[in-house]
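Visitor: The residues making up each chain are set out below.
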Amino acid sequence: MDIFTQQIINGLVLGSIYALVALGYTMVYGILELINFAHGEVTMFGAMIALAVMGALLGTDLPGILIVLMGLAVAIPGCMALGFAIERVAYRPLRRAPRLAALITAIGVSIVLQNVAMLIWGKQYISFPPLLPVVRYEILGATITNLQILIIVLSCLLMAGLLWLVTRTKLGAAMRATAQAPDVAGLMGINANTIISITFILGAALAAVAGVMVAAYYGLAHYHMGFLLGLKAFTAAVLGGIGNIAGAMLGGLLLGIIESLGAGYIGDLSFGFLGSHYQDVFAFFVLILVLVFQPSGLLGERVAERA
Amino acid sequence: MFARWEEIKKDRRAAWVAYILLAMLLAAAPFLIGAGLGRGWVRILDFTLLYVMLALGLNIVVGYAGLLDLGYIAFYAVGAYLYALLASPHFGLHLPFWALLPLGALVAGVFGVLLGAPTLRLRGDYLAIVTLGFGEIIRIFLNNLNAPVNITNGPQGVNFIDPISLGGFSFSQTHTLLGFSFPGIYTYYYLFLLLTLGIIFVSLRLQDSRIGRAWVAIREDEVAAEAMGIHTRNVKLLAFAMGASFGGISGGLFAGFQGFISPESFNLFESIIVLCMVVLGGMGNIAGVILGAVLLTTFPEALRYLGDLQRLLFNDVLVDPADLRMLVFGLALVLIMIFRPAGLIPSERRRREFGSEATVLKQEQASLYDSQR
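Protein chains in written order, with the working numbering: chain A, 1 to 307; chain B, 308 to 680.
Hint data in this document are derived by calculation from the structure and do not stem from the laboratory. By construction, the Cβ of each residue, glycine as well, lies at the ideal position given by its N, Cα and C atoms. Mixed in with the good hints there might be a few duds.
Partner residues aside, some chain A positions facing chain B, computed with beta carbon under 10 Å [unchecked claim]:
1. E33
2. M70
3. V74
4. T105
5. A106
6. T235
7. V238
8. I288
9. S296
10. L298
11. L299
Derived DEER-like restraints, expressed as beta-carbon distance ranges [claimed, not checked]:
12. Q463(B) with S127(A): 23 to 31 Å
13. D318(B) with H224(A): 52 to 60 Å
14. R319(B) with R88(A): 45 to 53 Å
15. I458(B) with F285(A): 17 to 25 Å
When you get a sec, could you build the whole thing from the sequences and use the hints?
Guide: Listed below in structure tokens is the structure:
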């Protein structure tokens, strides 16, 4: 088995999940300049809701794929409602407050959501039921499962859809206008509040899908899973240039690949001194390196200093 | 409340009386709390002082210089591990406290510069994520540096750290003075209080110094500050180093006080909590930051009584208080920020500039839109 190809495949799968979550961070940041710390928790709720629905349907003799789809069908609107509610309750009152105040609220919301999930679903790991038959394919000396292909294809479709929405539709134009100049956008007849709500809802929907993907890929879900996932996704968004949608996708994929390559080769690179538990160090190190030479991320526009 | 305090300050005799009352209260605090709430709370009081030091250190970076640091706990870790490795059976070294404390401040300060130097060009949230990454890198290294050479003892942490002692006076033992018995946690309280007062003094003096004003200038507008002849690179690095050294001191005290440390004490959540203390209390305001630190350290502990409250209300413990604790904590963070977005005690400078709180908020609104692209 070719290790390099295998790590690239693993990285692509992981990266497309990161990219989906990163899009939520970057869209909100583009409009509100707020790090929505609670976004990782929305992802976790997506996984948890889907698993709860799937667990309830497990006894019936519906086909496995249908049960998974029904889990998704409940998780997506559930997360959309959650995203909408978070913005309405916690962020909107602070729209005009200092930025760090909103950041602290976001942290507070994240803690609350995590603990609510713990109260509902308990502290134990919840396993993803084996509903999808696993098929393995051989490509260039590496194996890829049907689930991995599904994750990559589905995320590509969702990202393409989002790009189309943002660049080609009237709603997308309104979103970009609000991000650029909220006051002027308001004068042009755009209701900024509606646009911001829609942004949160879209981000939450993507997060729900990503959450189900993570749960299916690792076979597990846990009330704490959103934290590290959110952190990685936010890192990906910054890597690509926060506020930039294409950047979030590129950053997510790159981070996924860097991480899995790092995990595979860090031992050889450091002459056996560092083991694969330094995987995260590798990712953060690359991030710092990129930002030192390209301070606004890979695709981020150069922000004029105090324009 | 604050308007009245300003009046008291003007009347010198009243000010002296107030200071003396405050000093007596601080001196008697461990006895009052120990008698009223039990020994456990004196221990929490000691931790509160450690967090006050940490928060004041972060306040220099975030509050004064406006550099958002999400990895601040790394410096606390550096200070703690330095103390632990040089004063424990782990390496068989037992350096004295008076040497370790300044060394901890120095090494943490060097780490502050190491973090600061490559990040000078970054601003705002890019800086936040890089500092966060730095904090995680330090933690992961502490966690894994037990092989191939055992330096940090990995996830097990370092145990049997020497308790703090100065010139034969051990802070961990019970001492008797004038008929009063001072257990270890009491004597630690006085040591921590002394060092906290020292850090408060340094913070106060920095605030109105040339450097302090340079930090504020950078926070408000870096380009203008540079145009006014401020050497922004050096001044920013100094902010990182100063903030980090406070963290290093606090970390060393933590290691000596606790006797045991492991990488888990220095995770990202701790960084976030310290940042919450600074922002929630009122960034850039020393009194506010102290209040934030005291509240956020004692509040989660007070929430342990949620079980008793439930028994009182429902005659039964419905939800495990440990599970409910963080939920209430998170809610409190959200509510305080919604009702007091500029912090519990907004900074003096803003008050002076804009008069009332209403105008402060209005000003914030304006600057929010100015800074948007």
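Visitor: Using Cβ atoms only, decide whether L298(A) comes closer than 10 Å to chain B, and label the hint accordingly.
Guide: violated (12 Å)
Visitor: Measuring from the C-beta of A106(A) to each C-beta in chain B, is the shortest one below 10 Å?
Guide: Hint holds; A106(A) Cβ to chain B Cβ min 9 Å, cut 10 Å.
Visitor: With 10 Å as the cut and Cβ atoms as the points, is L299(A) at the interface with chain B?
Guide: Interface hint status for L299(A): violated (14 Å vs cutoff 10 Å).
Visitor: CB of I458(B) to CB of F285(A), is that within 17 to 25 Å?
Guide: Once the Cβ atoms are compared, 19 Å apart, the range 17 to 25 Å for F285(A) and I458(B) holds.
Visitor: Can T235(A) be said to touch chain B, with a Cβ gap under 10 Å?
Guide: holds (6 Å)
Visitor: Double-check E33(A) for me: the hint is only fine if its C-beta lies closer than 10 Å to a C-beta in chain B.
Guide: holds (7 Å)
Visitor: How does the Cβ-Cβ distance of R319(B) and R88(A) compare with 45 to 53 Å: does it lie in that range?
Guide: Roughly 52 Å apart at Cβ, these two residues keep to the hinted range, so it holds.
Visitor: 52 to 60 Å was suggested as the range; check whether the CB atoms of D318(B) and H224(A) agree with it.
Guide: At roughly 54 Å between Cβ atoms, H224(A) and D318(B) fall inside 52 to 60 Å, so the hint holds.
Visitor: Holds or violated: the hint that M70(A) contacts chain B, with Cβ atoms closer than 10 Å.
Guide: violated (30 Å)
Visitor: Can you let me know if the beta-carbon spacing of Q463(B) and S127(A) is within 23 to 31 Å?
Guide: With a Cβ separation near 29 Å, Q463(B) and S127(A) satisfy 23 to 31 Å, so the hint holds.
Visitor: At a threshold of 10 Å, is the proposed contact between V238(A) and chain B supported by beta-carbon distances?
Guide: Where the cut-off is 10 Å and the nearest Cβ of chain B is about 5 Å from V238(A), the hint holds.
Visitor: Identify whether the interface hint at T105(A) stands, where standing means a beta carbon of chain B within less than 10 Å of its own.
Guide: Cβ of T105(A) sits 5 Å from chain B, so the hint holds.
The structure fails to meet hints 2, 3, 10, 11 from the earlier list, while all remaining hints are met.
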